[in-house]
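Chemist: This is what each chain is made of:
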Amino acid sequence: MTALALDRRRAARWLQEYGVYVAVAALLLFNVAFTANFLSVGNFRTQLVQAAPVCIVALGMALVIGTEGVDLSVGAVMALSAALVPLYLGYGPLPAVAIALAAGLLAGAFNGVLVAHLGIQPIVATLALLVGGRGLALVIADGQLVQVHDPTFLWLGTGDVLGVPVSVLAAGVFAAVVALLVSRTTFGRQVVAIGGNRAASTLAGLPVKRTLVGVYAICAVLAAVAGVLSTARLSASDPADVGLLMELSAITAVVVGGTPLTGGRVRVLGTVTGALLMQLVAATLIKHDLPYSSAQMAQAAIIVGAVYVARERSSR
Amino acid sequence: MTVETRVRRASWVSALQRQGAAVALVLVVVVAWIGFPRFGSPDNLRDIALQSSFLAIIALGMTFVIITGGIDLSVGSVYALGGVLAAYGSQWGFLAALLLPLVVCGLIGLVNGLLVARTGMAPFIVTLATLLFARGLLLAITSEGATTYRVDDGSPFLELGRGTVLGFGYPVFVALALCAAGGVLLRRTAFGRSVFAVGGAEHSALLMGLPVARTKVLVYVMSGLLSGLAGALTASYLQSGVTVIGVGLELDAIAAVVIGGTLLTGGMGTVLGTVIGVALRTVIQNVINQVGTLDSNYQSVVSGAFLLVVVVLQRSLAKSPDRR
Amino acid sequence: MVLEVVDVTKEFTGVRALDRVSFELEPGEVHALVGENGAGKSTLIKVLTGVHRPTSGTVLHRGEAVEFARPADAQRAGISTIYQEVNLVPLMSVADNLFLGREPRRRGLVDRKRAHADAAELLAGYGIRADVRRPLGTLGVGAQQMVALARAVAADAHVVIMDEPTSSLEPREVETLFSVVERLHERGIAIVYVSHRLDELYRICDRVTVLRDGRRVHTGPLADLSRLELVSMMLGRSVGDLREHGATAFGEDHQAGREPVLEARGLSSGQRLRDVSLSIRPGEVVGLAGLLGSGRSETARAIVGALPLDSGTVLVGGVEVGSGVPGAMRAGVTMLAEDRKAEGIIPNLSVRENIVLAALPRLSRFGVVSRARQDRIVNTFIERLRIKVSGPEQKVAELSGGNQQKVLLARWLCTRPKVLLLDEPTRGIDVGAKAEVQALVDELAREGLAVLLISSELEELLDGADRLLVLKDGAVVDELAGDRLTRDDVLAAIAADES
Chain B
1 MTALALDRRR AARWLQEYGV YVAVAALLLF NVAFTANFLS VGNFRTQLVQ
51 AAPVCIVALG MALVIGTEGV DLSVGAVMAL SAALVPLYLG YGPLPAVAIA
101 LAAGLLAGAF NGVLVAHLGI QPIVATLALL VGGRGLALVI ADGQLVQVHD
151 PTFLWLGTGD VLGVPVSVLA AGVFAAVVAL LVSRTTFGRQ VVAIGGNRAA
201 STLAGLPVKR TLVGVYAICA VLAAVAGVLS TARLSASDPA DVGLLMELSA
251 ITAVVVGGTP LTGGRVRVLG TVTGALLMQL VAATLIKHDL PYSSAQMAQA
301 AIIVGAVYVA RERSSR
Chain V
317 MTVETRVRRA SWVSALQRQG AAVALVLVVV VAWIGFPRFG SPDNLRDIAL
367 QSSFLAIIAL GMTFVIITGG IDLSVGSVYA LGGVLAAYGS QWGFLAALLL
417 PLVVCGLIGL VNGLLVARTG MAPFIVTLAT LLFARGLLLA ITSEGATTYR
467 VDDGSPFLEL GRGTVLGFGY PVFVALALCA AGGVLLRRTA FGRSVFAVGG
517 AEHSALLMGL PVARTKVLVY VMSGLLSGLA GALTASYLQS GVTVIGVGLE
567 LDAIAAVVIG GTLLTGGMGT VLGTVIGVAL RTVIQNVINQ VGTLDSNYQS
617 VVSGAFLLVV VVLQRSLAKS PDRR
Chain G
641 MVLEVVDVTK EFTGVRALDR VSFELEPGEV HALVGENGAG KSTLIKVLTG
691 VHRPTSGTVL HRGEAVEFAR PADAQRAGIS TIYQEVNLVP LMSVADNLFL
741 GREPRRRGLV DRKRAHADAA ELLAGYGIRA DVRRPLGTLG VGAQQMVALA
791 RAVAADAHVV IMDEPTSSLE PREVETLFSV VERLHERGIA IVYVSHRLDE
841 LYRICDRVTV LRDGRRVHTG PLADLSRLEL VSMMLGRSVG DLREHGATAF
891 GEDHQAGREP VLEARGLSSG QRLRDVSLSI RPGEVVGLAG LLGSGRSETA
941 RAIVGALPLD SGTVLVGGVE VGSGVPGAMR AGVTMLAEDR KAEGIIPNLS
991 VRENIVLAAL PRLSRFGVVS RARQDRIVNT FIERLRIKVS GPEQKVAELS
1041 GGNQQKVLLA RWLCTRPKVL LLDEPTRGID VGAKAEVQAL VDELAREGLA
1091 VLLISSELEE LLDGADRLLV LKDGAVVDEL AGDRLTRDDV LAAIAADES
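Residue numbers (my numbering), protein chains in the order written: chain B, 1 to 316; chain V, 317 to 640; chain G, 641 to 1139.
Incorrect hints may have been included.
[Claimed, not checked] Chain V stretches covered by chain B per the calculated footprint, using a threshold of three residues with CB under 8 Å from any CB of chain B:
id : region
1  : 438-445
2  : 450-458
3  : 588-598
4  : 619-629
In case anyone wonders, no lab produced these hints; they're calculated from the structure.
Glycine included, C-beta positions come from ideal geometry on N, C-alpha and C.
Just chain B, same shape as in the assembly (with noise of 0.2 Å):
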């Protein structure tokens, strides 16, 4: 072996390792010394209020990934979710978002079967739902986008609890509770286990099925919540566009993040500030006059990039 081919490999595993924090801290610094306005408490405000769903749907999406599967459904479930929410406001904003979240638990647990009982591979079982489950959404709302007027539900969007929008509250909590999941918990070890050697994790006596209902299960909520969210700030379900490409974002976050698509690892932290960089991208593009196709371009590039890097790392 070549010591060309050692210092590639260790700066792309450096890069993969630390590359999200460096790229985002660049981000800003640029911003900070060539954009206008940007240091500027609204515009902060601005930021995380868009990257939080796709931070919530990143974290479940990790969890995920780090089983080494994949779930396409994201963006469905969150129009099932918000196709909900208007039904049933009128018995109040509790039981609205609860039986959204239910929904998304019953589809989360739908593709967990699928994939963990069924033995079908995961890209496959959660493509079902990801061709039907908008179309249900749509149904179930009569393809219509419908206001919504409830003051406690939109709270969810606007509100702020002590000066920190909701949903960027959630998010951050999400966060934080997914990142102890992970780290301190029995269920955390075993998805982390299971994806990076399942034949060990059989051996080994560890609850390889149930482990891996409960995570798609976890992602399908996230998902959920996200379109609650989404609903709530937009005032309307809609449930039309909500979510759109959304796998695809929450993929990237993940990858981008540092969350290895071979599984075995779940990096958190990374995930929401690979969320947090793909914002950062786009925000950065636009106020510099650069048009929303050259942001979802260099998205491609940066995915492309990712998962490249990734690869370099793992196949050794």
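Fit chains V and G to the given chain B structure using the hints.
Modeler: For chains V and G alone, kept in the frame of chain B given last:
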């Protein structure tokens, strides 16, 4: 369960997963013919054929990709991009209108193929990225979607999408010809054989000395070219490069392919099945529209349910002693 | 020489799989290639077929130095291979599989009619009457293997390498295979035949090459070699340098309890296990001897619930164990798997996490892991097993093989098992670690643990076990204890000619 009943069950399941779409198509057509007087009218049938043709062209490429064990999520975006490029190119004549989308979309396919075959990155993530990229490119050349390029009234390019023979639009014949050629390519050429081998057992294919990487690159190039062509035909038919079409079209194409009996894990599938899958989808859509009171979104619910059933069937097929 | 390997060495990141091995294949001979796990057989085959390129040394084909960069190169040169796992495409038709990559054509298109006719004719020549249009996967494994063979030979091969072709065949299919080998032999095609079944080797092979630990230990006419000599060359440390006792770190026999803690009755699973029964008492070390593929690992896997059984029961303390691995673990049965990388360590996790993995539920309250209790256990085991780590947080992938093995032993010990199944516990670890592991097994048995020991090293079994079961073709053929616990008895049992 004894081995014999297992085998019998497996062959039953296998027949269902291979012929299920055809049976469903016949059933739906019969019911629709009896239930809706307008369904069997020549106009409606021509309409169904035309509607099917665009998706069929895309699904044809997808069939090849899926048989190699891959997936191409970028086809919807590439299709829209192809349409815009065709409309844009039509100002320089027929050839430009056709070549511009084919070259660009073929290149996107080439990038997909090279990334999948040479770097070993997962096809779904690579093509998700190019989905985004193609959409971005489309927005970039249409001033963020604000400009819609139109095909001039006198342009010969219009004939491609709007001309008819016996009342059937040219796209129908293009789709039929391509599917026939695709079927021959898949079944009767060394390339087609290696497409199956790569998807059925990649490692074995390598050990047998087959050109695995080249096969993979080629199927993604094909998928890009065909999506671009479908976009160009659509632009000609609609007389403009509509920027908002094609969202989620990759899912329709995948659903049609898989419902048509192609194994989503690769190694097995037919072009005829895909054509039937596409026809089934269009007919169901047509029926839903005829009922009138039904939400058109039932279409994707039905597709999703179908897909689910087929995928579960395919899995039990894979578990059966047929394929140990 | 039709094919010759001269002084070939192959290294994989520091591990030397082949150490200056030479090998000569004469035209038209059937040459047996034998050796235990890790002897270097598969590596040598992969060098011959272009899958691996040698680190040093040369491959000569018909007297000329060649470099095969990929399998296709070797095939073009007329060297075909059939593998133990049929390397064909199960979903494609039999005819397709036969002609993949060189389809008969007519006007540029694949001529299916001719392909089918040719395929049927070809297979009929091998005594296979199957519909060549059916997917290959619908054929039995034996027939699939014949298709692979037909494909290999049809490619104008003059060298055919067979890597354990009979391991999943039924007796009748084996006969068909042999008749084909016979015919190839008559046609002057040279064959390299890899197998562990002595009966087969003596029936069809002219010469034999024995590999051990990556080196060639013998090449010569098979007829000049008795079964006993052959087996002892494969298993022994080195011929003429035998030490009956004291070659390992095992102590004297153990004081075993009276009632067996583990009883396995009539374990059967297809061709792999046939009615295997065994029992182990507390404090007893029972060894499983036999050649590779004799059903040693399968027995352990069946006991721990990791191998689906056609019939048979496992009892611990007289009570039948629950289903699957969790059931066995609840009953106190654990297994150290043979393949450390694939089925043992979780490479991304730390030493601490790898150790506590199986005991997690016991170390946590309401699903929250108690770090303090973990640390206590982990530190105890790191100390007791003398695991060399920079700290419990070091990644397990960074450890040496021996220390990884100790981590895995610690994983099972902290579940407080009653029965420990050890599948090749000392394979691929350095001498020092090996002695430590052996001493540990001894110590555990003395503390009352029931141990099942599987090893390819005869010395390890003879020294370590109180009782030995000899397996052959998935069945127990002999049980050795007391005076009969000797090297000669084991070799005789393995080499015994049943037919």
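Chemist: Work down the list of hints and note, for each, if the structure agrees.
Modeler: Quick rundown of the hints versus the structure:
Under a criterion of three residues with beta carbons nearer than 8 Å to beta carbons of chain B, the stated coverage of the region 438-445 of chain V is upheld, 6 such residues being counted. For the region 450-458 of chain V, the stated coverage by chain B holds: 6 residues have a C-beta nearer than 8 Å to a C-beta of that chain, and at least 3 were required. As drawn, the region 588-598 of chain V meets chain B at 0 residues by the rule of a beta-carbon pair under 8 Å; below three, the given contact is violated. Counting residues of the region 619-629 of chain V whose CB lies closer than 8 Å to any CB of chain B gives 7, which reaches the minimum of 3, so the coverage claim holds.
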